[in-house]
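Number of protein chains: 2
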Amino acid sequence: MFWRRKKMGQARIHDDFWNRYRDLVRGTVIPYQWEALNDRVEGAEPSHAIRNFRIAAGLEEGTFGGFVFQDSDLAKWLEAVGYSLASDPDPELERIADGAIELIAQAQQENGYLNTYFTIKEPGKSWTNLLDCHELYCAGHMIEAAVAYYHGTGKRRLLDMMCKFADYIEEVFGAEEGKLPGYDGHQEIELALVKLYEATGELRYLKLSTYFIDQRGQEPSYFMEEWERRGRMGYWQPGVKTRQPDLAYTQSHLPVRQQTVAVGHAVRAVYMYTAMADLARLNGDAELAAACRTLWGNMTRKQMYITGGIGSTHHGEAFTFDYDLPNDTVYAETCASIGLIFFAQRMLRLEARSEYADVMERALYNNVIGSMSQDGKHYFYVNPLEVWPEASCKNPGRHHVKAVRQPWFGCSCCPPNVARLLSSLNDYIYTTDEKERTVYAHLFIGSEGSFWLGDGELSLQMSARLPWEGHVQLDIRGNTAGESTLALRLPDWCGGQAQLAVNGQPVAYEMRDGYARVTRAWQAGDSVSWELAMKPTWMAAHPSVRANSGKVALQRGPLVYCLEAADNRSPLTALAVSPSGRLSEQLDNELPGGVIAIHGEGFVDPEATGDEQLYLPIESAGAAEPFTWKAIPYYLWGNRGEGEMSVWVRRTN
Amino acid sequence: MFWRRKKMGQARIHDDFWNRYRDLVRGTVIPYQWEALNDRVEGAEPSHAIRNFRIAAGLEEGTFGGFVFQDSDLAKWLEAVGYSLASDPDPELERIADGAIELIAQAQQENGYLNTYFTIKEPGKSWTNLLDCHELYCAGHMIEAAVAYYHGTGKRRLLDMMCKFADYIEEVFGAEEGKLPGYDGHQEIELALVKLYEATGELRYLKLSTYFIDQRGQEPSYFMEEWERRGRMGYWQPGVKTRQPDLAYTQSHLPVRQQTVAVGHAVRAVYMYTAMADLARLNGDAELAAACRTLWGNMTRKQMYITGGIGSTHHGEAFTFDYDLPNDTVYAETCASIGLIFFAQRMLRLEARSEYADVMERALYNNVIGSMSQDGKHYFYVNPLEVWPEASCKNPGRHHVKAVRQPWFGCSCCPPNVARLLSSLNDYIYTTDEKERTVYAHLFIGSEGSFWLGDGELSLQMSARLPWEGHVQLDIRGNTAGESTLALRLPDWCGGQAQLAVNGQPVAYEMRDGYARVTRAWQAGDSVSWELAMKPTWMAAHPSVRANSGKVALQRGPLVYCLEAADNRSPLTALAVSPSGRLSEQLDNELPGGVIAIHGEGFVDPEATGDEQLYLPIESAGAAEPFTWKAIPYYLWGNRGEGEMSVWVRRTN
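Protein sequences appear in the order of chains A and B. Per the working numbering, residue 1 is the first one in the first sequence, and the count goes up by one each step. Per the working numbering, residue 1001 is the first one in the second sequence, and the count goes up by one each step.
No wet-lab data here; the hints were simulated from the structure. Fair warning: there could be bad hints in the mix.
[To be verified] Listed below are the simulated DMTMM-like cross-link pairs for lysine to aspartate or glutamate, each with C-alpha atoms no more than 25 Å apart in a straight line:
| id | chain 1 | residue 1 | chain 2 | residue 2 |
| --- | --- | --- | --- | --- |
| 1 | A | K241 | B | E1045 |
| 2 | A | K535 | B | E1619 |
| 3 | B | K1394 | A | E45 |
| 4 | A | K302 | B | E1035 |
| 5 | B | K1241 | A | E122 |
| 6 | B | K1535 | A | D246 |
| 7 | B | K1241 | A | E619 |
| 8 | B | K1155 | B | D1246 |
| 9 | A | K394 | B | D1246 |
| 10 | B | K1630 | A | E483 |
| 11 | A | K394 | B | E1510 |
| 12 | A | K241 | B | E1122 |
[To be verified] Chain B regions said to be covered by chain A (calculated; three or more residues, Cβ under 8 Å):
| id | stretch |
| --- | --- |
| 13 | 1015-1021 |
| 14 | 1320-1327 |
[What the hints assert, rightly or not] Which residues of chain A face chain B? A few of them, derived with a C-beta cut under 10 Å, are:
| id | residue |
| --- | --- |
| 15 | P245 |
| 16 | L247 |
| 17 | N395 |
| 18 | P396 |
| 19 | E625 |
| 20 | P626 |
None of these values were measured; they are calculated from a predicted model. Even glycine gets a Cβ: it sits at the ideal position worked out from N, Cα and C.
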């Protein structure tokens, strides 16, 4: 089945901006995370992940360490390795990964079951606490790893192991008498089984995924019954009776088709929506597709930060409600934005509409790459839009907001998630529609790709200067498919100002669902240029977003900008920008190569003189004075030590 | 010793504004709270307080209910009753209170010990968990009740009971071999023992209070050692090992004289500072007085809301750090502002400086009376400066902020605290300085009072129209003390614009520490008028208060104003006020009698048209339009159902 992958189209990135990230993931992040998984990073909390597998495999004595879902860290790392090996073969890395896979094999039980927590700590208790214990979640991540490693290396070892596990899961779960009518507290297995189906062609995996999705939220609630069976105990506080499960937290409060609003734990939500979009496409399920559209609309039009972050509260790492987007107590977990990108990608596979790609690009260029330090070794789990470092330390309601990236987390879901996304970014640039004989370009990232259109292949090379310039060029490298359509996304940030030319000549094109479509019998040597207006733009939030009233944010192309105290002053809140003032775009030498900073006009409140009264008549304060501020791309914030940062800034009238 | 009270000066309130509150406390709050203490208020959480005493007294079977400090609710109620009976005798109320005191007597143990929790639930475990269990705190409240009831009725029954308890406490605690070198996790006993000393003249109570204050925070930490003795267990999660105590939470991280910054649980802090100021005065302790001034300065100039609220976070109901005053996630507990008023009163007794009275007035007219509904039956525990009701429900970080006053709380410290403050408000208006032969008027509340000046008595009547007008008049009713000084506070809100006249003639006066001083051999019939400018004033916060940048608050006299959606629109954040615009003060008929609302000019952002994009270039939004807004006194907010409210509002430039 290895050929399936080729048929779907494959792209390879060559891009000034993204090469750096690919090299960083390959050269630094993957090796660094391997050290972390082996508890060899000094000063970082130990992962315990490899050690757990060694204990479960009988190679070492000891007890389980880390979170109940610690296995998934190794799985996500292996998945990233699979993607990396696909584009950049590396025998030494492959040798290490093969060794890890053999270790996993030793930890896997005869019947296919794999989970180091239950093997080491609660043997015999498998599947008794689906709500809390992430068994199917860990299974899902290992399945994703298996598929990626198979595609990257052609090796079936882990894939076969995971098919065995999936087959066992199918024996345990289902509607049939004697099976458990359950599903996991943390969605993940659903989207993984779709990948397993696509890699193997085995329909039973698609059916099992469909079962999990459709069973979720049905009455009577599996989680309620399970909780009763456990004597109303939970995992997190052993021996303590817990309140009844908050079903909305796990999106199991309603059957998924009846859900209209994004609620609960944000990562669980978007992983679930991703699988829903997959199944809507693969099963031709219009009702499920409609539910996906509704949830997408609620989430991206009412509950998403301008950086592509989702999750407004750290309580349950969750959505709150429409238009509640506090900048300071924000959550905006890295993993949630990655899940949002997954969902967007699947919606694009379901139906090409530029809004999905707009959001994907927003999350990618801002929240996601902003979560990683420029050295690839430090990460944000929470991605705030406003930081006051002293408050992060001294106000407990903001302790979750870190002012500097951390080396590793006890709950380290985010760093390996970044690695697997960035090492598979080539999969997010294009989709094809064989029926319509169309190749869609969703992201503008320098790359070469070949796309199967049913009767032949279109090969092309994209060059782009994003995120700094709006010039995109597609050069046709070969075509055996006859007439076909190139559909180029018109991004939301160019204000509709775009010019399309073929071989240097402006041509007419059709706009459909946010894509400029040109149809030709393409020939090698043809060249399409797509010029997108890119200029700094002041953005305002919907008036119902209380947190941003009277404020504006600066965006240029896909990049959201922010102000840091390092370039301006503290308190940052003393600044008000003048949206009508001149903006100057300057190549900045202080920041990592080739970054455009923006300078502009505004006013600054007078400085405090010291120990004055807290409250005074406004006449007592001096007048604001002109001030030239500087903004940098959000993704680069926090790389110069601790300091205040803000995306949304006060505006003058 | 009953005479001591008379000698210190007694005032009786006759005031249009405050009579309502006195009557409300007497006619509604006290009876209502008695019902609540007896678990007879439908729809309110049961108090368990009386029932606990009945069980401890052996009159009823059952187990302890409510918080470990539930006894203090009955104590605070009895204290309020004592104050109320002093000004308004009421035989039926006194009969009920006498009955409650007899019940308490039956629950008291032979050796004087009184605490229903330990009597019922953990006999033999007394004094093993001072950190968590509030034993001395409850003792302190009962002592305060005893003193108030003695002053109000002349009856010594409860006072004698509490002297016995205090004598027992003195046997248990102290520096001597065999005694416990401890102090309570929640300060209260310290200020109570000062009151017991002042009521009885027994120096040992003053010494015991001094011991508790000076022992606090000494090394080795009593709380650390106690925690080790308990096997590192706490009260709140039985059987569970806890992290080591956060000593700053209980202000026991340092000896009190070395503390310079207000930290930890806000109520504990101000109760402690109150005792410190008492002891500084009574012991002539200059070092302690200096510590009080430093802590006062930090708290009121860097950590206080404009409403006189303190405590910036619900995590530990605590201070956070300088200038961190979020309006939406605020705590500003009612009890904390009441404690702030206690502290201010003691500082005024220590040294008359108008800043203490300014803060006292600010907390009283805004945070404290705002906490109670106009019917006296509903209360805020948290007093926010910004409310978005939907966020209070749906964002867990704001669940503590209620959008409407609640009928009673499981932890119901605040309602009886309001009752005892309002029923003793006459004690906060004046102080005397016998040595300087001066009567200070700190608050402008219609009242009559007689003041002993060492060799005779000055009697006077104050009339005032606060908070609506700045006219104050003092009529001398009698004088047997020869020449003396009247010192009238120049409040911070009049901008220095005040006129003093004696018998209709402007006179020269000396300003000292914020008081206008006039010295005369006063004669009955003399009349002093004190005209204070009162006009709406736009206030700005210190520029380091990030939460209020670009915003203003409206104040008129002692009253802080706020905007409510009911009078304006939702979202309130769409409004920007024009500080240079005309302000109109209007008697408002919709609000409880005689209230002045303020109307003014501003702009409003265009309304949302529905389901548009979350983020758009600012050109896409329409222009702001002129808008006439209406502000009402903060203390009246939330009396018209749920709706948005904000004290700080955006300003135009």
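Hints, verified against the model:
1. A:K241 <-> B:E1045: Holds: K241 of chain A and E1045 of chain B sit about 22 Å apart, inside 25 Å.
2. A:K535 <-> B:E1619: Judged against 25 Å, a Cα distance of about 14 Å means the pair holds.
3. B:K1394 <-> A:E45: violated (33 Å)
4. A:K302 <-> B:E1035: This hinted pair is violated, its Cα atoms lying about 46 Å apart.
5. B:K1241 <-> A:E122: holds (23 Å)
6. B:K1535 <-> A:D246: It is violated: about 52 Å lies between the C-alpha atoms, which goes past 25 Å.
7. B:K1241 <-> A:E619: violated (55 Å)
8. B:K1155 <-> B:D1246: This hinted pair is violated, its Cα atoms lying about 42 Å apart.
9. A:K394 <-> B:D1246: holds (13 Å)
10. B:K1630 <-> A:E483: Between K1630 of chain B and E483 of chain A the Cα gap is close to 67 Å, so the pair fails against 25 Å, i.e. violated.
11. A:K394 <-> B:E1510: Given that 25 Å is the threshold and the Cα spacing comes to 44 Å, the pair is violated.
12. A:K241 <-> B:E1122: holds (23 Å)
13. 1015-1021: That given contact is violated, which follows from only 0 residues of the stretch 1015-1021 of chain B lying within Cβ reach (below 8 Å) of chain A.
14. 1320-1327: That given contact holds, which follows from 4 residues of the stretch 1320-1327 of chain B lying within Cβ reach (below 8 Å) of chain A.
15. P245: With a minimum Cβ separation of about 16 Å from chain B (threshold 10 Å), the hint on P245 of chain A is violated.
16. L247: violated (16 Å)
17. N395: For N395 of chain A, the interface hint holds, since the closest Cβ of chain B sits about 4 Å away, which is under 10 Å.
18. P396: With Cβ-Cβ at 4 Å, under 10 Å, it holds.
19. E625: Given a least distance of 13 Å, the restraint on E625 of chain A is violated.
20. P626: violated (12 Å)
Of the numbered hints listed earlier, those contradicted by the structure are 3, 4, 6, 7, 8, 10, 11, 13, 15, 16, 19 and 20.
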